[in-house]
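Participant: Please put together the full structure from these sequences, using the hints given.
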Amino acid sequence: MLHFFRKNKKTKQQASVDRGIMVFEHTSEVIQAETILKKSGWVIRVMGPPPEIQTGCDLVIEFPLIEELNLLRTLQQAKISPMTVVPVTAPLLKPVDLFHMKDFGEYLMIRAANMKITIVKESLKIVNISGGGCPDVPFLAQQLVGKTLQDAPHPRELGHTLCGYALELAYQELLKQCLQ
Amino acid sequence: MLAVIGTVPDQTFPLTHGLVRMIDDYLIIDHRKIIINRGTPALIAAAIKTAGSIQDSPEIYAFLIGDIGKGDGSRKLYQYLSEHLSEFEFQVLTFHYLQPDVDWHNKVMFAVEDMEHQPILIADAGFMYVAKMSGQASSYDLFTPDVGELSFLADELAPHPFYTRGFILHQHNQVPELIQRAYQHKNAAKLLLVKGSMDYIADEHHIIETVDSPRIEAMEAIGGTGDTLTGMVSVLCAVKNFTLPDAATLAAKANRFSGYYANPTPATQVIDLINSIPQALLKVLK
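Order-wise, the sequence lines are chains A and B. First residue of the first sequence: 1, per the numbering used here; consecutive thereafter. First residue of the second sequence: 1, per the numbering used here; consecutive thereafter.
Since the hints were made in silico from the structure, they are not lab data. Backbone N, C-alpha and C fix where the C-beta goes; we use that ideal spot for every residue, glycine too. Take these hints with a grain of salt, some might be off.
Claimed, not checked - Taking lysine-lysine and the BS3-like style, the derived pairs with C-alpha atoms no more than 25 Å apart in a straight line are:
| no. | chain 1 | residue 1 | chain 2 | residue 2 |
| --- | --- | --- | --- | --- |
| 1 | A | LYS38 | B | LYS70 |
| 2 | A | LYS94 | B | LYS70 |
| 3 | A | LYS125 | A | LYS38 |
To be verified - Listing some non-contacts, in silico: residues in chain A with all C-beta distances to chain B over 10 Å:
| no. | residue |
| --- | --- |
| 4 | GLY41 |
| 5 | LEU69 |
| 6 | GLN76 |
| 7 | LYS79 |
| 8 | VAL85 |
To be verified - Which bits of chain A does chain B cover? Going by a derived footprint, with three or more residues having C-beta under 8 Å, they are:
| no. | stretch |
| --- | --- |
| 9 | 86 to 96 |
| 10 | 99 to 108 |
| 11 | 114 to 127 |
| 12 | 132 to 140 |
| 13 | 159 to 172 |
Facilitator: This is the structure:
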């Protein structure tokens, strides 16, 4: 029975158990919770909330419902608590997972959803961030532009919205393209 | 008078409103200085440059607050607007970078309805997202999406561009179809100015105009080039003799020429394009 809760069993079980979602007050808490849960080895997904709880700029964490207590314990250790946990009763919205790359010769631009980030290929310096509509975009641009990919803070550390999250995806894609 | 409503990326910036001036590369509002980068400051700077280039242009008023994405500043501004907007009179109201929040959006719309004279309503960025999500998109006169945001408007289920469904995103090159779909689901303003490799000015019935030159590839990478376009059209639509489609077409052309005269690379910052606006307007208004 104890094996039931072992993390390495999760993937197989995920398909056969009901799913739940954790709803947080702010998108930034979702981003933090995702980081903590993934670092702890849990298999979770960041998704869009069902229409009845959408407020405008939301993410939720989808997880196997049967593991609720374990996940909550992990989050409590990091002093993060969801506002509520509810079972999934309808398909959730899936975040955009398409990346678009544009080569400007000396520069490379990556777009994820509505966010674009451009670097100098040789120095890996971030020279522009464009797109988006949430208020953390100008703030993120202020913090990242002028720094190299290695030195810049991750958008997920500073971002609070879906636009910030999309920028993190574009940033991760750039890291994959340029540093691996 | 044009009023711009938005945020600045400084958490300590208090709720401030008043006429805005531009000195060198800074905005000045109520003795506070704001650096012009992307976002709402870029929109306001473009509006000021446009107004300074055209006779009988409106003055530029702004309602601003600091918000770095937590939404606290946006909510304070929403609250202020819902309580006080009806006390003001503006020809044009342009809503910009605010944290999307449907409930607050709806309260602000009630305040707009209470204004003595109904202004031209323009929404871009976060406020356009929430306008669509509220189901009240058709109450607006103009949205200024880029092609990615148009896909979001065309997707009746997406609450944010982050959730636009793949089969709609794949229609990136089919702008007229996306425009039609956005109108079909009542998720577009009365007029759309779609920014892209070709700009489209369209209403519910047809594509009114397209603009595709000069084409400056680097502008796609430069943060704030959409904001400058929205700033320009916000001023132009308040100028006598320009209809809203006229203003949108002129702004689309002038924005491209601001890029042309700035001769940018993908590393150029938007302030260089803003400083080229007077020259660009001179060109397109000839």
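Participant: Sort out which numbered hints this structure fails and list those numbers smallest first.
Facilitator: 3
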